[in-house]
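Protein chains: 2
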Amino acid sequence: MSKTTADLLQGTLSVLILKTLTWGPRHGYAIARMIEDTTDDTLLIEEGSLYPALYRMERRGWIEAEWGTSELNRKAKFYRLTSAGRAQLRAEIAQWRRFSVAVEKVLATA
Amino acid sequence: MSKTTADLLQGTLSVLILKTLTWGPRHGYAIARMIEDTTDDTLLIEEGSLYPALYRMERRGWIEAEWGTSELNRKAKFYRLTSAGRAQLRAEIAQWRRFSVAVEKVLATA
DNA sequence: TAAGCTTACCTTGACATTCTAGGTATCAAG
DNA sequence: CTTGATACCTAGAATGTCAAGGTAAGCTTA
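Chains as they are written, first to last, in the numbering used here: chain A, 5 to 114; chain B, 5 to 114.
Treat the hints with caution; some may be incorrect.
One copy or two, either will do: identical chains are not told apart, so a pair holds if it fits within one copy or between any two.
[Stated by the list, open to error] Under the rule of at most 20 Å between Cα atoms (straight-line distance), these lysine to aspartate or glutamate pairs were calculated in the DMTMM-like manner: (1) 109 / 11; (2) 81 / 50; (3) 81 / 96.
Calculated directly from the structure, the hints in this document are not laboratory data. All figures in this text were calculated on a predicted structure; none of them were measured in a lab.
Let the hints inform the model, and build the full structure from the sequences given.
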C-alpha cells in the first residue's frame with residue numbers, strides 16, 4: 005500500500021503544523037521533529053511536504069516567518085501563528101473531528 | 005481545505021467503500037447513498053470520485069463487478085468484495101486507526 | 001584539519017486522488 | 001410529456017504529498 009498517501013492523509017498536514025505552533029514559534033525542522041516525537045514516528049513529516057506546506061500557509065496568512073538562530077546556533081526560519089491562523093486551526097480541528105467521527109460511524113457498523 | 009466542508013480526505017474513500025460492501029453486494033449509487041445516510045451527509049460521495057475509485061479497486065482485485073437490475077428495476081453494476089478486498093479492508097482499517105490516533109495525540113496536547 | 005554527522009532549508013517533477021462539470025439513459029409520477 | 005430520481009460514465013483541473021535530489025553551516029572526533 006503504498007507509496008503515496010499512506011504516511012499522511014492529504015489535508016491533515018496543515019492542522020498538525022498549526023497545532024504545533026500553538027506551543028510557540030518554531031522553525032520547520034523543529035515542527036517536523038515535534039510531530040514525529042509526539043506520534044512516536046507514526047506520522048513522518050517529509051521535508052518535501054513540509055516546506056511547501058509552510059509556504060502555502062504563509063501565503064494564506066495563517067503563519068508568519070522570521071529568520072533567526074536556532075537553539076543549536078544555526079540559521080533558521082521561525083514561524084508563528086497569526087490570528088487568522090488561530091481561527092483556521094479551530095476550523096480545521098472541528099473539521100477533522102467531524103470527519104473522523106463520520107468515518108468511525110461507517111467503520112463501526114456491525 | 006476547500007470550500008465544501010464535507011470533502012473527503014484523500015485515501016479514505018476506498019476504506020469506506022470496502023466496508024460498505026461487507027453488508028453484501030451493492031451498486032455504486034447505493035454505496036454512495038449508504039455512506040451519506042450513515043454519516044448524516046457529513047461525507048458526501050461525489051460521483052466523479054466514486055466511479056473512478058470503483059475502477060481502481062476492481063483493477064486491484066479488491067472488488068468484482070457484475071451487471072444486474074436494481075431494486076427499482078434499473079440496470080446497475082453490482083460490486084462485491086473479493087477475499088483480497090477483505091484483507092485490504094482489514095489493513096486499511098488498521099491504518100486508519102493508527103493514523104487517527106496519531107493525529108489526536110497531536111491535537112490533544114494542552 | 002579533514003571527514004563525517006546533524007541540523008536546517010529549498011526545489012523539481014512525478015504521482016495519486018478528488019472535484020467540477022459536464023454527459024447519457026431509463027423509469028415512475030404527475 | 002415533462003420532470004425528478006435513479007444509475008452510470010468521463011475529461012480535465014486542482015490539490016497535496018512524496019521521492020530525490022541539492023546547499024550550507026556547525027559540531028565532533030580522530
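These are the hints, each one checked on the structure:
{"no.": "1", "hint": "109 / 11", "verdict": "between (23 Å within a copy, 16 Å between copies)"}
{"no.": "2", "hint": "81 / 50", "verdict": "within (17 Å within a copy, 40 Å between copies)"}
{"no.": "3", "hint": "81 / 96", "verdict": "neither (24 Å within a copy, 37 Å between copies)"}
The structure fails hint 3 only (numbered hints given earlier).
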